[in-house]
Amino acid sequence: MALPPYASPVERAWYYSFRVICALIFFFLIAPIFVIMPLSFNSEPYFTYPMPGYSLRWYDVIFGDSPQSILWQRAIKNSVIIGFSATLLATALGTVAALGLSRANFPFKGVVMAVLISPIVVPIVITAVGMYYFYAQIGLASTIPGIILAHTALGVPFVVITVTATLVGFNQNLIRAGSSLGAGPARVFFKVTLPLILPGVVSGALFAFATSWDEIVVVLFLASVEQHTIPRRMWSGIRELIDPTIAAAATLLIFLSILLMVTMEILRRRSERLRGIKA
Amino acid sequence: MKHSLTLTALAATGIAWAALTGPSPAVAQDSITIASWGGAYSMSQRKAYYEPFMKETGITVLEDEWDGSMAKVRAMTETKNYQWHVIDAETPDILQGCDEGTLEEIDYDRLGGRDRFIETAALDCGVGTIVWSTIYAYDGDVFPEGGPRPSTIADFFDVEKFPGPRGMYRFPNPNMEIALMADGVPNSEIYDLLRTEEGIARAFRKLDEIKSHAIWWSAGAQAPQLLADKEVVMTQAWNGRIYNAVNIEGKNFVIVWDGQLLDLDYWIIPKGHPETDLAYRFIEFASRPEVMANQSKYIAYGPTVKAAIPLINPDILKDLPTAPENTKNYLRIDAEFWADYSDELEERFEAWLAR
Amino acid sequence: MTTIVPTADIVRTADGVPLKVKLRRAERMRKIRAVSLIAPLFLFLAVTFVMPIGIMLFRSVQNPEVSQILPRTAQAIQQWDGEGLPGEDVVAAFIADLRAAKEAKTHGKVAKRLNYDLSGFRSLTLQTARRLPPPETPPSELLDKLIEIDKRWGETRYWATIKKAAPPYTMFYLLAALDRNFDVKGNVIHAPPEVSIYIDVLERTFWMSFIVTAVCFLLGYPIAYLLATLPTKHSNLLMILVLLPFWTSLLVRTTAWVVLLQTQGVVNDAAVALGLWSERIQLIHNRTGVYVAMVHILLPFMVLPLYSVMKGISFTHMRAAASLGANPLRSFLKVYVPQTMPGIGAGILLVFIISLGYYITPALVGGPRDQMISYFIAFHTNTSVNWGMAAALSVVLLFCVMIFFGIYNRFVGIEKMKLG
Numbered sequence: 000m001a002l003p004p005y006a007s008p009v010e011r012a013w014y015y016s017f018r019v020i021c022a023l024i025f026f027f028l029i030a031p032i033f034v035i036m037p038l039s040f041n042s043e044p045y046f047t048y049p050m051p052g053y054s055l056r057w058y059d060v061i062f063g064d065s066p067q068s069i070l071w072q073r074a075i076k077n078s079v080i081i082g083f084s085a086t087l088l089a090t091a092l093g094t095v096a097a098l099g100l101s102r103a104n105f106p107f108k109g110v111v112m113a114v115l116i117s118p119i120v121v122p123i124v125i126t127a128v129g130m131y132y133f134y135a136q137i138g139l140a141s142t143i144p145g146i147i148l149a150h151t152a153l154g155v156p157f158v159v160i161t162v163t164a165t166l167v168g169f170n171q172n173l174i175r176a177g178s179s180l181g182a183g184p185a186r187v188f189f190k191v192t193l194p195l196i197l198p199g200v201v202s203g204a205l206f207a208f209a210t211s212w213d214e215i216v217v218v219l220f221l222a223s224v225e226q227h228t229i230p231r232r233m234w235s236g237i238r239e240l241i242d243p244t245i246a247a248a249a250t251l252l253i254f255l256s257i258l259l260m261v262t263m264e265i266l267r268r269r270s271e272r273l274r275g276i277k278a
Numbered sequence: 000m001k002h003s004l005t006l007t008a009l010a011a012t013g014i015a016w017a018a019l020t021g022p023s024p025a026v027a028q029d030s031i032t033i034a035s036w037g038g039a040y041s042m043s044q045r046k047a048y049y050e051p052f053m054k055e056t057g058i059t060v061l062e063d064e065w066d067g068s069m070a071k072v073r074a075m076t077e078t079k080n081y082q083w084h085v086i087d088a089e090t091p092d093i094l095q096g097c098d099e100g101t102l103e104e105i106d107y108d109r110l111g112g113r114d115r116f117i118e119t120a121a122l123d124c125g126v127g128t129i130v131w132s133t134i135y136a137y138d139g140d141v142f143p144e145g146g147p148r149p150s151t152i153a154d155f156f157d158v159e160k161f162p163g164p165r166g167m168y169r170f171p172n173p174n175m176e177i178a179l180m181a182d183g184v185p186n187s188e189i190y191d192l193l194r195t196e197e198g199i200a201r202a203f204r205k206l207d208e209i210k211s212h213a214i215w216w217s218a219g220a221q222a223p224q225l226l227a228d229k230e231v232v233m234t235q236a237w238n239g240r241i242y243n244a245v246n247i248e249g250k251n252f253v254i255v256w257d258g259q260l261l262d263l264d265y266w267i268i269p270k271g272h273p274e275t276d277l278a279y280r281f282i283e284f285a286s287r288p289e290v291m292a293n294q295s296k297y298i299a300y301g302p303t304v305k306a307a308i309p310l311i312n313p314d315i316l317k318d319l320p321t322a323p324e325n326t327k328n329y330l331r332i333d334a335e336f337w338a339d340y341s342d343e344l345e346e347r348f349e350a351w352l353a354r
Numbered sequence: 000m001t002t003i004v005p006t007a008d009i010v011r012t013a014d015g016v017p018l019k020v021k022l023r024r025a026e027r028m029r030k031i032r033a034v035s036l037i038a039p040l041f042l043f044l045a046v047t048f049v050m051p052i053g054i055m056l057f058r059s060v061q062n063p064e065v066s067q068i069l070p071r072t073a074q075a076i077q078q079w080d081g082e083g084l085p086g087e088d089v090v091a092a093f094i095a096d097l098r099a100a101k102e103a104k105t106h107g108k109v110a111k112r113l114n115y116d117l118s119g120f121r122s123l124t125l126q127t128a129r130r131l132p133p134p135e136t137p138p139s140e141l142l143d144k145l146i147e148i149d150k151r152w153g154e155t156r157y158w159a160t161i162k163k164a165a166p167p168y169t170m171f172y173l174l175a176a177l178d179r180n181f182d183v184k185g186n187v188i189h190a191p192p193e194v195s196i197y198i199d200v201l202e203r204t205f206w207m208s209f210i211v212t213a214v215c216f217l218l219g220y221p222i223a224y225l226l227a228t229l230p231t232k233h234s235n236l237l238m239i240l241v242l243l244p245f246w247t248s249l250l251v252r253t254t255a256w257v258v259l260l261q262t263q264g265v266v267n268d269a270a271v272a273l274g275l276w277s278e279r280i281q282l283i284h285n286r287t288g289v290y291v292a293m294v295h296i297l298l299p300f301m302v303l304p305l306y307s308v309m310k311g312i313s314f315t316h317m318r319a320a321a322s323l324g325a326n327p328l329r330s331f332l333k334v335y336v337p338q339t340m341p342g343i344g345a346g347i348l349l350v351f352i353i354s355l356g357y358y359i360t361p362a363l364v365g366g367p368r369d370q371m372i373s374y375f376i377a378f379h380t381n382t383s384v385n386w387g388m389a390a391a392l393s394v395v396l397l398f399c400v401m402i403f404f405g406i407y408n409r410f411v412g413i414e415k416m417k418l419g
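Residue numbers (numbering that gives the first Met the number 0), protein chains in the order written: chain A, 0 to 278; chain B, 0 to 354; chain C, 0 to 419.
The following block holds chain A by itself, in its conformation from the complex (with noise of 0.2 angstroms):
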């Protein structure tokens, strides 16, 4: 909304001050995350401008090969494993049910709604705690499997959610159509239905990824050493021994985080696009 020519010195003094008062929010937003970038360079073990001088020490103390990177690398490979695993049973698992929700109306549809949003409903640490003592007893407890359970139970419903919402535009007739030119159900799916909610699937897919590559309450109960996570690593890192490495490892996030916002804001577009919604 540009400022009108034939605005009052008042509105003009509001205006200028009101866009002030957001490019203050605005920075407030933004400054911590770049603030913490550069210090991930820092030659001296400390958190202070200007820095003394420029130096990848705190990568290699993550990539190198002390008892240290070690201990980070087995977390960035335990993060892929169990961010890949829930991510594709969330996926699998939520984009069906999607499905299944958009058909029909059936006795309880609310009840099993909620059964299926709860986990983003529930406090994660009674989540946690509840994992906590059942998983022990079934074995669960400190394992990887048992922590993509744990994960895709939390992931699962963004991609509902994301699903059922690209659902609601999507023409039913479309698979009456196909079905009535001799395809099967499953050529049908690939062919009509993926294509079309596919942005869908992906957006709820990048939402469970960014649920588990992120999620430190469960794995701070469930699991032990071999199974810490990135996340896992930074708490141990923020309570303990605080130094650049922790701020190596957060612009490494920043940078992952940068690629997820992208990916979702093409697929937002193209969403848009293919259903006819103008921005």
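It is possible that part of the hints are untrue.
[As the list claims (entries may be wrong)] Lysine-lysine pairs mimicking DSSO-like chemistry, simulated, CA-CA at most 30 angstroms apart:
#: 1; chain 1: C; residue 1: Lys-101; chain 2: C; residue 2: Lys-150
#: 2; chain 1: B; residue 1: Lys-54; chain 2: A; residue 2: Lys-76
#: 3; chain 1: C; residue 1: Lys-21; chain 2: A; residue 2: Lys-108
#: 4; chain 1: C; residue 1: Lys-104; chain 2: B; residue 2: Lys-79
#: 5; chain 1: C; residue 1: Lys-21; chain 2: A; residue 2: Lys-190
#: 6; chain 1: B; residue 1: Lys-229; chain 2: B; residue 2: Lys-296
[Unchecked claim] Facing chain A, according to a computed beta carbon distance under 8 angstroms, are these residues of chain C, among others:
#: 7; residue: Val-34
#: 8; residue: Pro-39
#: 9; residue: Met-50
#: 10; residue: Leu-218
#: 11; residue: Leu-225
#: 12; residue: Thr-247
#: 13; residue: Leu-363
[Stated by the list, open to error] Label pairs and their computed distance ranges (CB to CB):
#: 14; chain 1: C; residue 1: Phe-57; chain 2: B; residue 2: Glu-335; range: 29 to 37 angstroms
#: 15; chain 1: B; residue 1: Arg-331; chain 2: A; residue 2: Ile-257; range: 50 to 58 angstroms
#: 16; chain 1: C; residue 1: Met-401; chain 2: A; residue 2: Ile-265; range: 30 to 38 angstroms
#: 17; chain 1: B; residue 1: Thr-151; chain 2: C; residue 2: Leu-84; range: 43 to 51 angstroms
#: 18; chain 1: C; residue 1: Val-336; chain 2: A; residue 2: Ile-265; range: 30 to 38 angstroms
#: 19; chain 1: C; residue 1: Thr-315; chain 2: A; residue 2: Pro-8; range: 24 to 32 angstroms
#: 20; chain 1: C; residue 1: Val-336; chain 2: A; residue 2: Pro-8; range: 21 to 29 angstroms
#: 21; chain 1: A; residue 1: Val-261; chain 2: C; residue 2: Val-336; range: 32 to 40 angstroms
#: 22; chain 1: C; residue 1: Phe-205; chain 2: A; residue 2: Pro-8; range: 42 to 50 angstroms
#: 23; chain 1: A; residue 1: Gly-138; chain 2: C; residue 2: Gly-185; range: 37 to 45 angstroms
#: 24; chain 1: A; residue 1: Met-36; chain 2: C; residue 2: Arg-29; range: 47 to 55 angstroms
#: 25; chain 1: A; residue 1: Glu-10; chain 2: C; residue 2: Ser-277; range: 36 to 44 angstroms
These aren't lab readings, by the way, just hints derived from the structure by calculation.
Cβ coordinates follow ideal geometry from the N, Cα and C atoms, glycine included.
Assemble chains B and C onto chain A, guided by the hints.
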């Protein structure tokens, strides 16, 4: 459609299995998992025990970190799902765990008999490994030589003479004792007093004096870190952590030994562990005098095996909590007291903190 | 095809089945197919998520220690009226049970449980167990022997506590989570002040969530407005400033604040250099730090729903109001703001609900007085190993969250939860 989804699910399970079949602590007898307190202390154990043990036996030692919470040990024994073979634990927890049946009773015949150990090091459910102490240390730059420097336990509570934030351990043990010592209670009367409501109230009253100046830590490595980051001017700490910060990282920290609290750490075994033999093998190794004496090269904690005492690094003698010049005013932690009272005092301490 | 003679008023399909039946059958097939698509996920969540939490919450009423470890005592003591001291049979059962428990090394669990009810019971039980009178002692002397070991066995309240703790199920933990307790007669009373913290903690949880939500709203509304009213080209660029934090790991952002807010950190550096404050002040390990970090983390959750509602608001109404003589502020408040109410409701409820369950950020940035209820659930799980209490606090927290989530679902709808 179903077909492809089954495939996806299979793929996911496949990845999960691949992860499962990676190195797992449960595999045969080629690895042992030991939980300890992290930081400089774990480093000293790695050098003195884990690496030589691996060299001698070919058994891989996997390290885990814990914060002393017995919940994990209890969960392990209740569910028979053991993650750790051996754990480095503190006295009150051991006495409690022994009473609750979560810890293995130690067969001292397999370790050369109880007599090899110093007094109180051979518990029913725990084998002593170090003698350590809770001290407080200050930043030598903040209180430079020549000026007034904290020298007594009461100085820790004197925020007028020595202003600035204090780092404190987030648990009642040993803050209750420290408070009474600083309040002028003779060391011999502290535990009798703490068994009364009046004594507990007095300790909390003393702690109230510095509550608003306190920054609470819970992991051993945090104490030297708080001091190094200048978040605090003085902090309670475990003496070995400060020793390493001074001697390895070159920090200008000064330990105040007055009013130090001596305690022991022990190796424990969760009850019913199917590989108890492996645990004994490690503990036996770690209790050999020449092995144990080696640890003092890496951290300033004292040995618990009598025969190890003459073997320890002479340079470190003066920095051990048991050195004569450091024990002019000290208190031995009364483990029986804490085994009995830690539940209620922890709850009250947490409530006090939260207020 | 043979000729079908249609029955008067029933519409039939080609194979002669009435259309109604056929339609119903088709509908049933659709339902079955739908249910079979949902079933895998439903079952998966039931097993991996709902059941674990259900079992855990159930622990808040379970009370197995006395009834299982001291079974004879638990039974015998029910006959005692709670006045004076219990009879010989109760004392004999107690001593026999305690002896067996000591053999089995389970007496520590009972001691711990009884201590929740009455401070000092732990040491009393353990010390008594070490010095039990020999089995051949005549029953009539047993009580005196106990009193000899510790005179507290001569007090009614210790026996009454055993009686209180004997039933296999109890409201004890749930009451304790609200700073309440039963007295000897079974009336609900206030817990002693030195251990009453949970009402305070609950109030604090709500208060901190409220502050965070309010600040998020005050900061979020203007920038959502700016984003919604700028030309798309500019707003897309600024949107990145909201979306990047949204996608950045919670732990990364918490780390960033720990680093920035340290006494020797960047914020203090800058503030001292700019003269905002003269000496470095403490910004971390206190409430200030928690608020700053939580607002930063939750702000996108406020901005995004506001933005999506504002985006759909046309400015013609504002112009109409202006042309009718309303001043800009008035037309903004009377015309624009009411139209954004759905976004305001969604944003506020979402941020508030998420805040209620916060654990990581207060734990890393705050001090002991800044911890919310989640911290105490973790504390009782890990440190004090009082799982009944952890479960009871979980019940309380879940109850609060469900109330607000119910409101959210009623007015906003779960399917409208905006995800970026």
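Between the beta carbons of Glu-10 of chain A and Ser-277 of chain C, is the distance compatible with 36 to 44 angstroms? Given a distance of about 38 angstroms, which is inside 36 to 44 angstroms, the answer is holds.
Open item on the list: Using the nearest Cβ pair, does Thr-247 of chain C come within less than 8 angstroms of chain A?
Closed with: 4 angstroms, holds
>> The hint says 37 to 45 angstroms between Gly-138 of chain A and Gly-185 of chain C; measuring C-beta to C-beta, is that right?
In response: 41 angstroms, holds
Has the given pair, Lys-54 of chain B with Lys-76 of chain A, been kept, meaning a C-alpha gap of at most 30 angstroms?
Answer holds: Lys-54 of chain B to Lys-76 of chain A is near 27 angstroms, not above 30 angstroms.
Decide if the proposed pair is consistent with the structure: Lys-229 of chain B and Lys-296 of chain B, CA atoms, cutoff 30 angstroms inclusive.
-> Answer holds: Lys-229 of chain B to Lys-296 of chain B is near 28 angstroms, not above 30 angstroms.
Per-residue hint verdict: Met-50 of chain C, partner chain A, C-beta under 8 angstroms: Holds, because the Cβ-Cβ distance from Met-50 of chain C to chain A comes to roughly 7 angstroms (cut-off 8 angstroms).
Is the gap between the beta carbons of Arg-331 of chain B and Ile-257 of chain A within 50 to 58 angstroms? 57 angstroms, holds
Would the stated hint for Leu-363 of chain C survive a check requiring a Cβ distance to chain A of less than 8 angstroms? 5 angstroms, holds
Do Met-401 of chain C and Ile-265 of chain A keep their Cβ atoms within the hinted range of 30 to 38 angstroms?
With a Cβ separation near 37 angstroms, Met-401 of chain C and Ile-265 of chain A satisfy 30 to 38 angstroms, so the hint holds.
Hint check: Lys-21 of chain C vs Lys-190 of chain A, CA-CA at most 30 angstroms. Holds or violated? 29 angstroms, holds
Would you check whether Leu-225 of chain C satisfies its interface hint, that is, whether its CB is within less than 8 angstroms of any CB in chain A?
5 angstroms, holds
Exercise for the section: May I ask you to test the hint 30 to 38 angstroms on the CB atoms belonging to Val-336 of chain C and Ile-265 of chain A? Expected result: At roughly 34 angstroms between Cβ atoms, Ile-265 of chain A and Val-336 of chain C fall inside 30 to 38 angstroms, so the hint holds.
The earlier numbered hints are all upheld by this structure, with none contradicted.
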